[in-house]
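> So the sequence lines, in the order shown, correspond to chains A and B.
Its first residue numbered 1, the first sequence is counted upward by one per residue in the numbering used here.
Its first residue numbered 1, the second sequence is counted upward by one per residue in the numbering used here.
Possibly wrong hints are sitting among the right ones.
Stated by the list, open to error - Derived Cβ-Cβ restraints for the label pairs, each shown as a range:
#, chain 1, residue 1, chain 2, residue 2, range
1, A, 254, B, 290, 47 to 57 Å
2, A, 127, B, 93, 25 to 35 Å
3, B, 291, A, 127, 27 to 37 Å
4, A, 76, B, 122, 51 to 61 Å
5, A, 72, B, 122, 35 to 45 Å
6, B, 26, A, 262, 32 to 42 Å
For the record, the hints were derived by calculation from the structure and aren't laboratory data.
Quick caveat, the model's predicted, so the values are computed rather than measured.
For each residue, glycine too, the CB sits at the ideal point set by N, CA and C.
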Amino acid sequence: MQRIPACCVPETHIEIDGLEVSYAGVPAVRVGSMPIYRGCVTAIVGPSGCGKSSFLASINRMTESVPGCRVSGSVRIDGVESGGDRRRLRSLRRRVGMIFQRPNPLPVSIAANIEAPLKDHGVGQKAERRRRAEQALRTVGLWEEVADRLHKPALSLSGGQQQRLCLARCLALEPEVVLLDEPCSSLDPMATDVVEQALARLRGRYTTVIVTHNLAQARRIADFTGVFWQLGRGREDSLVEFGSTRRVFETPAEELTSMYIGGAQG
Amino acid sequence: MHDLALTAKARDPASLAAVLFVAACWGALAVVSGAGLWVLGDLLLRGMASLTPAFLLGSPADGGRAGGIWPMIVSTAMAMAVCVAIVAPVGLLASIWLSEFSTRGGRTGAAVRVSLDVLAGVPSIVFGLFGYAFFCVALGLGPSVLAGGLTLACMVLPLMIRLSEQSLRAVPVSVRQAAEGLALSRWATLRRAVLPAAMPGVISGTMLSLARALSETAALLFTAGYVMRTPGSLDDPGRVLSVHIYDLAMNVPGGDTNAYASALVLVVALLLVAAGGAALAARRAEFRRGL
Ligand SMILES: Nc1ncnc2c1ncn2[C@@H]1O[C@H](COP(=O)(O)OP(=O)(O)OP(=O)(O)O)[C@@H](O)[C@H]1O
Ligand SMILES: [Mg+2]
Numbered sequence: 001m002q003r004i005p006a007c008c009v010p011e012t013h014i015e016i017d018g019l020e021v022s023y024a025g026v027p028a029v030r031v032g033s034m035p036i037y038r039g040c041v042t043a044i045v046g047p048s049g050c051g052k053s054s055f056l057a058s059i060n061r062m063t064e065s066v067p068g069c070r071v072s073g074s075v076r077i078d079g080v081e082s083g084g085d086r087r088r089l090r091s092l093r094r095r096v097g098m099i100f101q102r103p104n105p106l107p108v109s110i111a112a113n114i115e116a117p118l119k120d121h122g123v124g125q126k127a128e129r130r131r132r133a134e135q136a137l138r139t140v141g142l143w144e145e146v147a148d149r150l151h152k153p154a155l156s157l158s159g160g161q162q163q164r165l166c167l168a169r170c171l172a173l174e175p176e177v178v179l180l181d182e183p184c185s186s187l188d189p190m191a192t193d194v195v196e197q198a199l200a201r202l203r204g205r206y207t208t209v210i211v212t213h214n215l216a217q218a219r220r221i222a223d224f225t226g227v228f229w230q231l232g233r234g235r236e237d238s239l240v241e242f243g244s245t246r247r248v249f250e251t252p253a254e255e256l257t258s259m260y261i262g263g264a265q266g
Numbered sequence: 001m002h003d004l005a006l007t008a009k010a011r012d013p014a015s016l017a018a019v020l021f022v023a024a025c026w027g028a029l030a031v032v033s034g035a036g037l038w039v040l041g042d043l044l045l046r047g048m049a050s051l052t053p054a055f056l057l058g059s060p061a062d063g064g065r066a067g068g069i070w071p072m073i074v075s076t077a078m079a080m081a082v083c084v085a086i087v088a089p090v091g092l093l094a095s096i097w098l099s100e101f102s103t104r105g106g107r108t109g110a111a112v113r114v115s116l117d118v119l120a121g122v123p124s125i126v127f128g129l130f131g132y133a134f135f136c137v138a139l140g141l142g143p144s145v146l147a148g149g150l151t152l153a154c155m156v157l158p159l160m161i162r163l164s165e166q167s168l169r170a171v172p173v174s175v176r177q178a179a180e181g182l183a184l185s186r187w188a189t190l191r192r193a194v195l196p197a198a199m200p201g202v203i204s205g206t207m208l209s210l211a212r213a214l215s216e217t218a219a220l221l222f223t224a225g226y227v228m229r230t231p232g233s234l235d236d237p238g239r240v241l242s243v244h245i246y247d248l249a250m251n252v253p254g255g256d257t258n259a260y261a262s263a264l265v266l267v268v269a270l271l272l273v274a275a276g277g278a279a280l281a282a283r284r285a286e287f288r289r290g291l
């Protein structure tokens, strides 16, 4: 695995330019310009319904399969426009993995959850896939817990374990980018803590974008933060403010931001 | 405990309606299970005595009034085997086509679905006539357990396809979304996400269809044959249990004792099919628990 130095020198990995996602012709989110830096953790925060999930889904084009959803503008990954036909979509989604709000292991065994996607993507022989699965499970700190029950149903795991399995499954495919949509919102604080530790291990190796309602979590794990707000009432760009997490939280440049992190709204 | 809670609340008129509703539900259950138990009890009472190993393993004598039902058990098993061998794979593939490959809201899919629903409602005697004309005469199979099994397959396929399609459609979006997020191919999505999630339902659908086939009489009267010999191969004619019961009850004076005993065997076979299906489905369900 290629090791990328952590983000002392922010280098743009994904570039958002004039992106708009709309449902049945109604714009849900619009982002004029926003960089996502290589190897860093970028948090997206903002009130419910402001379009964070839509924004995230447009990065790996999960929006394509939502009926009535249209995406315009550009998302460039390493300078290359994302999107295209079925084949390009497949390679895009392999490079840009996604973790959903509710853990969604496949209804097969723990091992098959990781090995079947690898096999489908033509990765190595059985032994190689097994090795990769173990490595991914170790990265998310799940190996010790499941080593003796790899052939048990993945859905028999606890919610937190399931979410870490989903993360391991995503990492085993060696993506460059990991998108997480409120990955801890269905977990208790302890399980959240374990998932966060797993996420911390991704820094530097993967470009991570995480949507979260938990501002403390954003502060703990994100290098950069983008604050989103609903369109309308004169607001033409969903992105209120973007900057290093420290800067955004300590010296917010926008009134909405200080209001939001102060808990006055949202 | 329940009664206490109910009477305590019954004073208030809103919960009087609730009590009546609950009582009606229990009443309906009592009627249904009462009818079932009555039939079963009647069968047990009249058939149990003659249900001996000699009856199960013996050959019929005196037009079925005496002797056993071994040839019918063999014929039934063979016809059912033919039926499953066709219904399970063809039904599953067709339902996969309907739920996964036919274009959403498209005309072909809609037309196929309507035809299947119509076919599922066609009286079984019509399938019997069709089976006779097509398998026995046109394909030259003659009355045989093979022709009977194929006719049964035609008869229950529409039901099997629709039931299994419903299970496939009921797979939660989150499962398909997971597959999509992993950029799985269509094949892997089916194999690792959709089918494992739908399998318990598909299995129950298959078992329900088989149960229907097992209790079918009319479709087999002309197609499987009437002779009481044990079929030596699929090409031989054979009399299945349900036809045997029909014959004993309608055409053979003094055949009722054996008719009841045979009916008891058929009911036990149905229960075995249902229990087998449930067990198989439960094993698969372990992997999708919590979806
Ligand atoms: N599938 C859809 N069809 C129609 N409208 C949708 C769909 N998904 C989202 N929307 C609309 O788009 C807007 C943004 O939704 P989105 O889910 O992206 O917000 P969010 O910021 O992720 O909210 P939350 O914090 O509650 O998850 C909302 O107004 C929502 O009603
Ligand atoms: Mg959301």
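> All hints are to be evaluated individually against the structure, with a verdict given for each.
Here is how each hint holds up against the structure:
1. Hint check: residue 254 of chain A to residue 290 of chain B, Cβ distance near 42 Å, so the stated range 47 to 57 Å is violated.
2. Range check, residue 127 of chain A to residue 93 of chain B: Cβ separation about 33 Å, and the 25 to 35 Å hint holds.
3. In this structure the supplied range 27 to 37 Å holds for residue 291 of chain B paired with residue 127 of chain A, their Cβ-Cβ distance being about 31 Å.
4. Checked against the given bound of 51 to 61 Å, the beta carbons of residue 76 of chain A and residue 122 of chain B, roughly 59 Å apart, stay inside it.
5. The hint said 35 to 45 Å for the Cβ distance between residue 72 of chain A and residue 122 of chain B, and at roughly 52 Å that hint is violated.
6. One distance hint, 32 to 42 Å for the beta-carbon pair residue 26 of chain B and residue 262 of chain A, is violated here, with the actual separation near 57 Å.
The structure is inconsistent with the numbered hints 1, 5, 6, although it conforms to all the rest.
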